[in-house]
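Based on these hints, arrange chain B on the given structure of chain A.
Heads up: the sequence lines are chains A and B, in that order.
Quick note, the first sequence lines up with residues 28 to 422 if you use our numbering.
Quick note, the second sequence lines up with residues 28 to 422 if you use our numbering.
Honestly, the hints are just simulated from the structure, not real lab data.
By construction, the Cβ of each residue, glycine as well, lies at the ideal position given by its N, Cα and C atoms.
Pairs of lysine-lysine residues, derived as PhoX-like cross-links and limited to a Cα-Cα distance of at most 20 angstroms, are as follows:
{"no.": "1", "chain 1": "A", "residue 1": "K80", "chain 2": "A", "residue 2": "K59"}
{"no.": "2", "chain 1": "A", "residue 1": "K60", "chain 2": "A", "residue 2": "K107"}
{"no.": "3", "chain 1": "A", "residue 1": "K158", "chain 2": "B", "residue 2": "K38"}
{"no.": "4", "chain 1": "A", "residue 1": "K38", "chain 2": "B", "residue 2": "K38"}
{"no.": "5", "chain 1": "B", "residue 1": "K107", "chain 2": "B", "residue 2": "K60"}
{"no.": "6", "chain 1": "A", "residue 1": "K38", "chain 2": "B", "residue 2": "K161"}
{"no.": "7", "chain 1": "A", "residue 1": "K161", "chain 2": "B", "residue 2": "K38"}
{"no.": "8", "chain 1": "B", "residue 1": "K81", "chain 2": "B", "residue 2": "K59"}
{"no.": "9", "chain 1": "A", "residue 1": "K59", "chain 2": "A", "residue 2": "K161"}
{"no.": "10", "chain 1": "A", "residue 1": "K38", "chain 2": "B", "residue 2": "K158"}
{"no.": "11", "chain 1": "B", "residue 1": "K106", "chain 2": "B", "residue 2": "K152"}
{"no.": "12", "chain 1": "A", "residue 1": "K251", "chain 2": "B", "residue 2": "K251"}
{"no.": "13", "chain 1": "A", "residue 1": "K80", "chain 2": "A", "residue 2": "K161"}
{"no.": "14", "chain 1": "B", "residue 1": "K81", "chain 2": "B", "residue 2": "K60"}
One-sided excerpt, in silico: chain B residues whose CB lies under 7 angstroms from chain A:
{"no.": "15", "residue": "Y33"}
{"no.": "16", "residue": "G42"}
{"no.": "17", "residue": "A238"}
{"no.": "18", "residue": "S252"}
{"no.": "19", "residue": "A271"}
FRET-style restraints, in silico, Cβ to Cβ:
{"no.": "20", "chain 1": "B", "residue 1": "Y215", "chain 2": "A", "residue 2": "N330", "range": "30 to 40 angstroms"}
{"no.": "21", "chain 1": "A", "residue 1": "A262", "chain 2": "B", "residue 2": "K387", "range": "47 to 57 angstroms"}
{"no.": "22", "chain 1": "B", "residue 1": "P184", "chain 2": "A", "residue 2": "D263", "range": "50 to 60 angstroms"}
{"no.": "23", "chain 1": "A", "residue 1": "Y210", "chain 2": "B", "residue 2": "G74", "range": "50 to 60 angstroms"}
{"no.": "24", "chain 1": "A", "residue 1": "K106", "chain 2": "B", "residue 2": "G157", "range": "32 to 42 angstroms"}
{"no.": "25", "chain 1": "A", "residue 1": "E237", "chain 2": "B", "residue 2": "T211", "range": "17 to 27 angstroms"}
{"no.": "26", "chain 1": "A", "residue 1": "D77", "chain 2": "B", "residue 2": "V32", "range": "18 to 28 angstroms"}
{"no.": "27", "chain 1": "B", "residue 1": "D77", "chain 2": "A", "residue 2": "K81", "range": "51 to 61 angstroms"}
{"no.": "28", "chain 1": "A", "residue 1": "G187", "chain 2": "B", "residue 2": "G74", "range": "48 to 58 angstroms"}
{"no.": "29", "chain 1": "A", "residue 1": "K89", "chain 2": "B", "residue 2": "G157", "range": "24 to 34 angstroms"}
{"no.": "30", "chain 1": "B", "residue 1": "F56", "chain 2": "A", "residue 2": "K153", "range": "22 to 32 angstroms"}
{"no.": "31", "chain 1": "B", "residue 1": "M361", "chain 2": "A", "residue 2": "K158", "range": "49 to 59 angstroms"}
There are 2 protein chains.
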Amino acid sequence: MLNFVYHTPTKVYFGKDEELNVGKIVAGFAPKKVLIHYGSQSARKSGLLDKVKKSLDNENIKYVELGGVKPNPELPLVKKGIELCLSEGVDFVLAVGGGSVIDSAKDIANGAANPETDVWDFSLKKCVPGKTLKKGAVLTLSAAGSEMSDSCVITNPETGEKMGYSCACNRMDFAIENPELTYTVSPYQTACGAVDIAMHTIERYFCPGEATYLTDAIAEAVIKSTIKAGNDCLADPNNYEARANMMWASSLAHNGLTQCGRSYMLTVHQFEHEVSGMYPEIAHGAGLAALWCSWARYVYSANISRWTQYAANVWNLDVDYEHPERTVEAAIDMQENYYKSIGMPTNLKALGVKEEDLEKLALNCTRNKTRELPGYKTLGYDDILSIYKMSYNAD
Amino acid sequence: MLNFVYHTPTKVYFGKDEELNVGKIVAGFAPKKVLIHYGSQSARKSGLLDKVKKSLDNENIKYVELGGVKPNPELPLVKKGIELCLSEGVDFVLAVGGGSVIDSAKDIANGAANPETDVWDFSLKKCVPGKTLKKGAVLTLSAAGSEMSDSCVITNPETGEKMGYSCACNRMDFAIENPELTYTVSPYQTACGAVDIAMHTIERYFCPGEATYLTDAIAEAVIKSTIKAGNDCLADPNNYEARANMMWASSLAHNGLTQCGRSYMLTVHQFEHEVSGMYPEIAHGAGLAALWCSWARYVYSANISRWTQYAANVWNLDVDYEHPERTVEAAIDMQENYYKSIGMPTNLKALGVKEEDLEKLALNCTRNKTRELPGYKTLGYDDILSIYKMSYNAD
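Bound conformation, chain A alone (with noise of 0.2 angstroms):
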């Protein structure tokens, strides 16, 4: 068991009505005033915003709002969301919304508590923030995790660059999690924070890291659980347990729990990150979907035991001890299955991702070839350009 930092400070407030109690969580806060930060229409259609407006009304809290996030939050309306922070002296942002909206507002808060700083500078890693602003979420998607991270994802629509970076200012203050306000989510947008959540587990237990069992069986807990509740959910729009553990599932999938004692690095989401900075209209999750079955059958090899406990513990297989790629080429079959009947597609062509633009997103992906991606096996310019054709052709 690798040495490790466990840090979740995130205050989860979950279930039924949480978010009337907003206005009072806030009010702890003594903010001087707020920014509540949100996406599209929909938060106001559902008459969310005007339940989070009217909450902070009752506690005489001042607000100002910028809406707008699109899913991969762009850089412009940050810079727009931190320039209202300091003309309005906003020292508290409200996330209404899912994992865009709530990295929006991560950046905001830490761009507008720098102000010295290029807030773009913090996704580039050229520095790390080392102070925020004080921050929530409302959260409406179970999906990216977000809320408990320490991570926050943005694209720049000049660049074309998809860049996320981790730190402690990354981490929410508080989240408050109702299950219901994810009824109305979409089957296609169920499905894909289904994809998402299980990934963020799946990713971490394919990090080397040794004998750290209680790790593992925690992970192979969320994978089992979120494939469980994606079903459930799919079934039943409106099935509160469902949506209550495929939300948890999400905020655990990404807090740091399921890495705890093993090395760290999302390899698929690396894939990812440049499907969807290449083309937007990807949903990240359907992009995960797309790409994980051809990686896991690229690298399987590197670390057989370690595969076959996956097919055993989550896929609930007989490993053939004699020919052990059988029983995991089982798993990942069983799992492109999965994905296929869930909606989600399991190859690049699906998604309308262009032949000739393969080589193009392995050399994004390998920063033109200056970096690799570490794990059992070491990922090269070759490996990740093989990987993209094979997601390409896959059925």
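Only chain B this time, still in chain A's reference frame:
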């Protein structure tokens, strides 16, 4: 799934040599003066106390010391600690030890921050501390989980009462967890720790609350990993991976993770607190082992499907759906045999409890027949006395 609040702000520094960074970590809090709080002689003899002091010296941090914490930490030493903090201007409490030292440190920090309140009133739940001193722990024993929990259990030797209280102020700001520091823990104390850790999770598992399959699966992961780690630690006390899994399980079992969405009452702990309150020489884990199987046999029929789930997922039993009670009893027998195999008692007689004290224990546990213990089966005085008697007469 019931609504819940989840908040585990304690920052954990886990792994080899992490205790050498204690000075730098404490310096981050810029304390005026630190109280180093520890137990008997083991922290001194092992050289750990010297390492801690040297690390503080390197950062020019001033400190005073107070040792002498006993298992089942007592109120008089807490009061002495509070006086020391007030007279010396201490604003940071550093616990070096296991759960008893950490609980004593928590109570000192709460008492010193609220000098107008009698600290015992917190234990009596007459009031809740609204503020506390900053505090951290260097953990030397995998058992109580106090390093990440919000609970604190103190004994008042004048009244014989052993009382626990839970509140946000009881969370440590940080915990340093180096599994190597537990290599010298005796087989008996190691086994007691394994019981205590598993029991923190098992007790939550059997609290009412439905459709928490993510929480359930995580709980099963913690229980099974603890059983494995317990066996491995006893087979080889210097097995780093076993000690590491045990230590991390200790923190996760009691930080709130395994109760999300379920009601919360550690019933068998209530039984045991009376036993080790009356017989202070009895180790908490040993008392739990002696009581649990009798409690289990008394209550399981109140929710047979919960118990068959436990039997299947923790003890890998095939459920006999015609006679599910056979499956449950087989699982309880397996747990009893596990306790025996690691040298734990499975009845109160073996612990030296006198038969004539059983009624007094039941009276104390019900606060003189003024409270019942909730759960799938509510337990009143007669039930509780029956369980004490079953446990007295068990194998």
